[in-house]
Amino acid sequence: MSTSAKTAKHRHTDHPDVLPAGVAQGVRDLLEDTPRVAHILGTFPTAVYLSVRESAGGAARTRVFALLTADAIRLPCGLVLGVPSSRICLPDLVNAGPVVLGGGALRLGPHTVTGARTLRTRMVVDGAPLAGQIAEAGARLRAIERARSGLPGLDLPGLLAPALRGRREAQRVSRELVGRGPGLTPAGDDVLAGFLVAATAFRLDTDMLLDAVLDRAIGRTPDLSAQLLRHAGAGEGLPQVQTLLTVLTAARPIGPALDAVLRIGHSSGYALASGVHAAAALAHNAARHRRTVRPSPSTGRRGS
Amino acid sequence: MTDLLRHDPQIIAAGVGLFAEAVSAQAVPVTTVDWRPPMAGTEQDLARVIADPRRAAANAEAIRRMLAVRANLVDVVPAGELLGLQPGRFLHAGPPLRWEHASGPMRGALMGAAALEGLVDRPQDAERLFASGAGVSLEPCHHHGAVGPMAGVVSPSMWMFVLEDPATGARTCCSLNEGLGKVLRYGAYAPEVLERLRWMSGSLGPLLQAAVRAHGPLDITAIIAQMLQMGDEGHNRNRAGTLMLLRELMPEMITSGADAEEVAVAARFIGGNDHFFLNLVMPACKLTLDAARNIPGSTLVVAMARNGTEFGIQVSGTGDQWFTGPAQVAEGLFLGGYGPEDANPDIGDSAITETAGLGGFAMAAAPAIVRFVGGTALDALAATQRMYEITLEEHNQFTVPILDFRGTPLGIDVTKVVRTGILPQINTGMAGKVAGVGQVGAGLVTPPAVVFPAALAALASAAPAL
Amino acid sequence: MSIDHVEVRSGAYADSVTLMRVSRRVGRLEGVGAALVAMASELNLELLAGMGFAPPRHAGINDLLVAIRAQDEDALQAALATTAEALTARPAASASAGDVPAPRTVGAASRSVGGGALVLLSLPGQYVFAEAVDAVESGRDVMVFSDNMPLAQEVRLKEIAAEHGRLVMGPDCGTAVVRGTGLGFANAVDPGPVGIVAASGTGAQQVLTLLDAAGVGVSALLGVGGRDLSTAVAGRSTVTALDALDADPDTELIMVVSKPPAAEIAAAVRAHAATLRTPVQFALLGRGRPDLTAAVEAALNALGRAVPRWPSWGTGDTPAARPGALRGLYTGGTLCDEAMVIASEALGAIRSNIPLEPEWALPDSLRAPGHLMIDFGDDALTVGRPHPMIDPSQRLARIADEAVDPECGVLLLDVVLGHAAHDDPAAELAPAVRAGRETARARGAELPVVISLVGSERDPQGTSRQAETLRDAGAEVFASNAQAVRHAVSLLTPGGTR
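Protein chains in written order, with numbering that gives the first Met the number 0: chain A, 0 to 303; chain B, 0 to 465; chain C, 0 to 497.
Okay, chain A solo, but in the shape it has when bound (with noise of 0.2 Å):
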């Protein structure tokens, strides 16, 4: 954007004082601390990342969370503002005086953007994958990388499945992909962060796996990157990958929900939707495995 058109933006956003924000499951604790000061990782026209300090269990860490505007791709870390990054100037609004998080609200100065509702990002499915659709998903990943490397791709679901199953492999597995490849989330990391929501989602153990990612990020990754990690975990993720679990369980058409999450940032989409891929894959060998997929305590009450 052009120095002149920031200009003629600013001249026409005149900010309210109170901005109601959409709040992620996963922020929802942060925004209720006591409050603390933030500080500005990255400003962006749909995205401002900030962190704050906070002690979990005796030792220090830094929490990432973003303020987004509603065009933005919607972070399970996000505060999420009702208008567009058209009608308002985050620059602007992040700059005009100190930032503190807590007590309900984001304050920015003069500013204060209240938590008016809680946004789901914790991905739920219903059931199993199903082999056609994991199928056609892997083969249009693999037409992609194919045009883009002219090699077959990794094999992922070879790559991951020890992971899940010993701590050792966990580890390896870290060293291989944590803080690969450059940018705020590297390819490795969204690969992980596919795999781990989608894992999560399809009930598969991810607690090894997990533990030996979050210890290796620390230091090795940047801090949003890490902090997307940790969401993944817990099974929090982005709509667009909501929408992919949804239509790998269910017999309908895969295309457009994958293109969906294709078309994320540069590269994050295909990383993300391979990591997705290749949880899905293990979790239907899983489930042809025990020939039913077990019942977790969300779907536990239904007589199905």
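Careful, some of the hints might be misleading.
[Claimed, not checked] Over the 10 Å line for every Cβ pair with chain C, so calculated as not near, a few chain B residues:
{"no.": "1", "residue": "Arg-63"}
{"no.": "2", "residue": "Ala-67"}
{"no.": "3", "residue": "Arg-69"}
{"no.": "4", "residue": "Val-73"}
{"no.": "5", "residue": "Glu-80"}
{"no.": "6", "residue": "Gln-123"}
{"no.": "7", "residue": "Leu-193"}
{"no.": "8", "residue": "Ala-224"}
{"no.": "9", "residue": "Gln-228"}
{"no.": "10", "residue": "Asp-258"}
{"no.": "11", "residue": "Ala-263"}
{"no.": "12", "residue": "Phe-268"}
{"no.": "13", "residue": "Glu-388"}
[Unchecked claim] Derived DEER-like restraints, expressed as beta-carbon distance ranges:
{"no.": "14", "chain 1": "B", "residue 1": "Gly-16", "chain 2": "C", "residue 2": "Glu-162", "range": "26 to 34 Å"}
{"no.": "15", "chain 1": "B", "residue 1": "Ala-39", "chain 2": "A", "residue 2": "Gly-126", "range": "51 to 59 Å"}
{"no.": "16", "chain 1": "B", "residue 1": "Asp-33", "chain 2": "A", "residue 2": "Arg-145", "range": "36 to 44 Å"}
{"no.": "17", "chain 1": "A", "residue 1": "Pro-255", "chain 2": "B", "residue 2": "Phe-404", "range": "22 to 30 Å"}
{"no.": "18", "chain 1": "A", "residue 1": "Gly-126", "chain 2": "C", "residue 2": "Glu-467", "range": "41 to 49 Å"}
{"no.": "19", "chain 1": "A", "residue 1": "Arg-251", "chain 2": "C", "residue 2": "Ser-111", "range": "25 to 33 Å"}
{"no.": "20", "chain 1": "B", "residue 1": "Phe-404", "chain 2": "C", "residue 2": "Arg-27", "range": "18 to 26 Å"}
{"no.": "21", "chain 1": "C", "residue 1": "Ser-392", "chain 2": "B", "residue 2": "Asp-33", "range": "24 to 32 Å"}
{"no.": "22", "chain 1": "A", "residue 1": "Gly-218", "chain 2": "C", "residue 2": "Glu-467", "range": "45 to 53 Å"}
{"no.": "23", "chain 1": "A", "residue 1": "Ala-146", "chain 2": "C", "residue 2": "Arg-276", "range": "37 to 45 Å"}
Because the hints were derived from the structure by calculation, they are not lab data. Values in this document were obtained by computation on a predicted structure and should not be read as measured data. Ideal Cβ placement from N, Cα and C applies to all residues, glycine included.
Mind docking chains B and C on chain A? Use the hints.
Same frame as chain A, now just chains B and C:
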């Protein structure tokens, strides 16, 4: 199955502002509808027509048929030969009309045509002839697959463009355009007017016939699509269309064997008459709209036409019935010393262009036109955008560059006009109200509002009881 | 004696439309008889002659013609100045080219909004059908807050919606919650396992807020309108809503909140519910049936969640029962209904504008001796004024009246919080409660005021703060309407109106 619970909501709200505000306060995007009550007394009819189980499918079919039409210019033929018109029979613009109700320009045009056909020696003598009704008859162009601009008078010796849809073989026709100023269609009948008409019948018509026949079918739909990209809207501005037509036909005119001087005169006449192509846009529009006629349950307007006294519309679901009201006087700019008091009420079949999504509906493609009413280019944008409110579809070939090549608003829906109170906007020329004067100005006009509730009532009585 | 001025300006081109506008403007000036400012085309030269001007000798198509007939020299000079000014004038931009006018119909709005949008209609009932049909025909679910939509239109609307696989919430749907978004009058609640299908607005709000108090969230609340379970409408929306909730992986238990439907419709809906994978629990309100609080407790049991002690504020020991009449002043229709059902078991006849028995109907004056309950939100009392959940004035006046009535033994009120409701109802009600109790005291009576407060903790008004304000004014406040009513009844000796 609804996917309501799968997406984070966005809201479209109409009604009490408080509820929209309450949703906004929850960080949910809200689009607010600027709703207003429908035209008075129409609630029952609206509900019944909207509840009609045939409506949605009928309108979809009407649109499908319209968009499938291609209009090819296939021939140029005298009206007598083409329509079996005998001397004494005259076609005119608009809904049916009797001489005693005819306005000045309509009378002038008929009188001129009577003289042209040799029924009287001088046009002035024709007044008695028409008043007596002996040996003369008046019928709407629309009843003969024809359209005519302004008075729209067609008599046997006038040459007609013939348009055909190759897929269905359906045909429409329209007379040749005489140019601006003192012309028959504006009610002028001075000797030079008749002289020009005789030249058109004796020279221009045959020359065009030879050229078109030699050229083969000429795709008028394609030219219309292009002219919209070149600042024409197909009703009050046809400059680009005219020149593209001339470009297409010129080689065949030259090789027709006609005398070079004759070809030069014809080429100069066509090139110097910015409205020449109007008489091809109009029958192309009629060909499109005729395809959508007579679909039970359809609320689509298939014709808007004025005879200088009354404005009439026809609707697909109500067959050939006309719904009429008093024609309005256009608002606009006047030539020379003329003023509003000199202008005749709205006249002509040319509103067929708006009915098919051109003219006033495509105003955003021709910003120069809006200044006829003292507006700005932004008014032109707004005019087209307003017409989307009352139409069913966006045209798949006719697009508006400034609106990011959005299709022009196509298919006026009676129910939407009644619901919004937004009347179709028509670009038009204005005829002097005294017979023989000719054009006095140009401007914008709308149909009388009453025709839409009347059409709605007829649609309602044809719909199953709710 | 007038002056004719004819001038030819070479090389001064302007487009014909501009020139028409200049001619018109100059021609209208005081003291100007005629004006023509035009390019010297053949047509325009003819026009000039027709206007009686002497044509210029040398003029061609690229020359500008200025012809003015003025009554005197001053008028001519003024006209020439105006001509010069008008020829150089440029219109000022009045709006931005990006501005798009607001859509006038739901159909038009639908074209500009992406998928997944829900249409919320609160137009006058006689007009709402067309907009609602627009919504479902453009593939959108619709909530119709409006009442007074003719029954035949409701049936047809729901038929069209079924063809398009869409849900119609309403007409007369006051409350919905979709993906955590409250629509109409709705409380702010967290996502959770309970899905609600509601034919009643404030009844559904009571269920929402009690679940919230129990720490249990809601996946969605889908209103269906008060008539959906009638024989004519045949539960069309109820069935669609049940299917939507059944397909929602978040929903573990479905509650249907309604007055008892027609028997054959109830049977059909139950039969449909039995085909779903998600358990469905019916909370049908009426005499001899469990109240809403009991229905919520049953739902909590079914989910394996603990039933909490329902919150209350300022409730002390119950004093000895005294004679007097119960006066219930409600803003929520279903809450009023529930109150009458519970109270009439102990007290017998309760007069009302929405009576349980026809012979218990109140006259239009809304005055009668004995126990009575008024629903201030009833259609007949809201014609031409906002709902009492927004505008408390009507009820406040009645509270003052009851305070001076020696027969009034207990005042029972509801306060409904949430989106779209009054932003601080306690601030209006507390002074009225305080004043009412003082008025009663002045006549030597103690007037207990019992309030059922329907609100969730996250509601914009803040339930605790509202409750504390009311408690401080001397009211006893209950989160459960049923408990509030039972408490109010316990303050009176049965049948003991004087």
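Outcome of the hint check:
no.	hint	result
1	Arg-63	holds (16 Å)
2	Ala-67	holds (22 Å)
3	Arg-69	holds (27 Å)
4	Val-73	holds (34 Å)
5	Glu-80	holds (33 Å)
6	Gln-123	holds (20 Å)
7	Leu-193	holds (18 Å)
8	Ala-224	holds (22 Å)
9	Gln-228	holds (18 Å)
10	Asp-258	holds (25 Å)
11	Ala-263	holds (18 Å)
12	Phe-268	holds (14 Å)
13	Glu-388	violated (5 Å)
14	B:Gly-16 to C:Glu-162: 26 to 34 Å	holds (32 Å)
15	B:Ala-39 to A:Gly-126: 51 to 59 Å	holds (56 Å)
16	B:Asp-33 to A:Arg-145: 36 to 44 Å	violated (52 Å)
17	A:Pro-255 to B:Phe-404: 22 to 30 Å	holds (25 Å)
18	A:Gly-126 to C:Glu-467: 41 to 49 Å	holds (47 Å)
19	A:Arg-251 to C:Ser-111: 25 to 33 Å	holds (27 Å)
20	B:Phe-404 to C:Arg-27: 18 to 26 Å	violated (41 Å)
21	C:Ser-392 to B:Asp-33: 24 to 32 Å	holds (30 Å)
22	A:Gly-218 to C:Glu-467: 45 to 53 Å	holds (48 Å)
23	A:Ala-146 to C:Arg-276: 37 to 45 Å	holds (41 Å)
Checked against the numbered hints above, the structure breaks hints 13, 16 and 20 and satisfies the rest.
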